[in-house]
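Colleague: Sequence:
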Amino acid sequence: MEVEHFTDWGLEIRQDAYDEGLADGKAEGKAEGMAMAVVRITEKIGCSIDEAFDIVNIPDNMKDVVFRLVNELLNN
1 MEVEHFTDWG LEIRQDAYDE GLADGKAEGK AEGMAMAVVR ITEKIGCSID EAFDIVNIPD
61 NMKDVVFRLV NELLNN
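Under my numbering, think of the first position of the sequence shown as 1, with each following residue one higher.
Treat each hint with caution, since some may be false.
[Said to hold, decoys possible] Quick list of the computed label-pair ranges, beta carbon to beta carbon:
| hint | residue 1 | residue 2 | range |
| --- | --- | --- | --- |
| 1 | L74 | K30 | 41 to 51 angstroms |
| 2 | D16 | E43 | 14 to 24 angstroms |
| 3 | N76 | K44 | 32 to 42 angstroms |
| 4 | C47 | A27 | 24 to 34 angstroms |
| 5 | D24 | L74 | 41 to 51 angstroms |
[As the list claims (entries may be wrong)] Calculated pairs, DSBU-like style, for lysine-lysine (alpha carbon to alpha carbon, straight line, at most 30 angstroms):
| hint | residue 1 | residue 2 |
| --- | --- | --- |
| 6 | K30 | K44 |
| 7 | K44 | K26 |
| 8 | K30 | K63 |
| 9 | K26 | K63 |
Derived by calculation from the structure, the hints in this document are not laboratory data.
Here the structure is a predicted model, which means the values were calculated and not measured.
Positions of the beta carbon are idealized from the N, C-alpha and C atoms, including for glycine.
Put together the whole structure using the sequences plus the hints.
Modeller: So this is what it looks like as C-alpha coordinates:
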(Lines of atoms letter the chains of each structure in order from A and count residues from 1; the text may use other names and numbers.)
(Lines give C-alpha, C1' and ligand atoms only; values in the text may rest on other atoms or scores of the structure.)
Protein backbone atom coordinates (compact mmCIF):
# COMPACT_ATOMS: atom_id res chain seq x y z
CA MET A 1 0.00 0.00 0.00
CA GLU A 2 2.82 2.45 0.82
CA VAL A 3 4.57 1.67 -2.47
CA GLU A 4 1.38 2.35 -4.43
CA HIS A 5 0.95 5.70 -2.64
CA PHE A 6 4.58 6.66 -3.37
CA THR A 7 4.18 5.75 -7.04
CA ASP A 8 1.01 7.84 -7.38
CA TRP A 9 2.76 10.75 -5.69
CA GLY A 10 5.72 10.46 -8.08
CA LEU A 11 3.43 10.38 -11.12
CA GLU A 12 1.59 13.44 -9.83
CA ILE A 13 4.85 15.36 -9.46
CA ARG A 14 5.95 14.24 -12.93
CA GLN A 15 2.63 15.42 -14.42
CA ASP A 16 2.91 18.78 -12.64
CA ALA A 17 6.43 19.26 -14.04
CA TYR A 18 5.20 18.34 -17.52
CA ASP A 19 2.27 20.75 -17.29
CA GLU A 20 4.54 23.56 -16.07
CA GLY A 21 7.05 22.92 -18.86
CA LEU A 22 4.29 22.86 -21.46
CA ALA A 23 2.88 26.17 -20.21
CA ASP A 24 6.36 27.73 -20.23
CA GLY A 25 6.95 26.48 -23.77
CA LYS A 26 3.64 27.86 -25.00
CA ALA A 27 4.34 31.25 -23.40
CA GLU A 28 7.83 31.38 -24.95
CA GLY A 29 6.42 30.44 -28.36
CA LYS A 30 3.75 33.13 -28.08
CA ALA A 31 6.38 35.71 -27.12
CA GLU A 32 8.58 34.68 -30.07
CA GLY A 33 5.64 35.04 -32.45
CA MET A 34 4.84 38.48 -31.10
CA ALA A 35 8.50 39.52 -31.41
CA MET A 36 8.57 38.40 -35.05
CA ALA A 37 5.39 40.37 -35.71
CA VAL A 38 6.90 43.49 -34.12
CA VAL A 39 10.03 43.21 -36.26
CA ARG A 40 8.01 42.66 -39.46
CA ILE A 41 5.75 45.62 -38.74
CA THR A 42 8.69 47.95 -38.07
CA GLU A 43 10.28 46.82 -41.33
CA LYS A 44 7.09 47.02 -43.44
CA ILE A 45 5.65 50.33 -42.31
CA GLY A 46 8.71 51.97 -40.81
CA CYS A 47 7.26 52.61 -37.38
CA SER A 48 9.09 52.51 -34.06
CA ILE A 49 9.26 49.41 -31.90
CA ASP A 50 6.95 51.09 -29.36
CA GLU A 51 4.36 51.76 -32.09
CA ALA A 52 4.64 48.15 -33.28
CA PHE A 53 4.10 46.96 -29.68
CA ASP A 54 0.85 48.95 -29.64
CA ILE A 55 -0.22 47.56 -33.02
CA VAL A 56 0.46 43.96 -31.94
CA ASN A 57 -1.17 44.72 -28.57
CA ILE A 58 1.53 43.10 -26.44
CA PRO A 59 0.21 42.40 -22.92
CA ASP A 60 2.03 44.32 -20.18
CA ASN A 61 3.20 41.12 -18.49
CA MET A 62 4.96 40.00 -21.72
CA LYS A 63 6.56 43.28 -22.83
CA ASP A 64 9.98 42.67 -21.25
CA VAL A 65 10.32 39.20 -22.77
CA VAL A 66 9.08 40.31 -26.19
CA PHE A 67 11.38 43.34 -26.13
CA ARG A 68 14.37 41.09 -25.37
CA LEU A 69 13.41 38.79 -28.24
CA VAL A 70 12.93 41.73 -30.63
CA ASN A 71 16.44 42.92 -29.78
CA GLU A 72 17.83 39.43 -30.39
CA LEU A 73 16.10 39.26 -33.78
CA LEU A 74 17.33 42.70 -34.81
CA ASN A 75 20.91 42.00 -33.74
CA ASN A 76 21.20 38.71 -35.64
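Colleague: Take the hints in turn and mark each one as holding or not.
Modeller: Each hint tested on the structure:
no.: 1; hint: L74 / K30: 41 to 51 angstroms; in the structure: violated (19 angstroms)
no.: 2; hint: D16 / E43: 14 to 24 angstroms; in the structure: violated (41 angstroms)
no.: 3; hint: N76 / K44: 32 to 42 angstroms; in the structure: violated (19 angstroms)
no.: 4; hint: C47 / A27: 24 to 34 angstroms; in the structure: holds (26 angstroms)
no.: 5; hint: D24 / L74: 41 to 51 angstroms; in the structure: violated (24 angstroms)
no.: 6; hint: K30 / K44; in the structure: holds (21 angstroms)
no.: 7; hint: K44 / K26; in the structure: holds (27 angstroms)
no.: 8; hint: K30 / K63; in the structure: holds (12 angstroms)
no.: 9; hint: K26 / K63; in the structure: holds (16 angstroms)
Violation of the numbered hints given earlier is confined to hints 1, 2, 3, 5; the remaining hints are satisfied by the structure.
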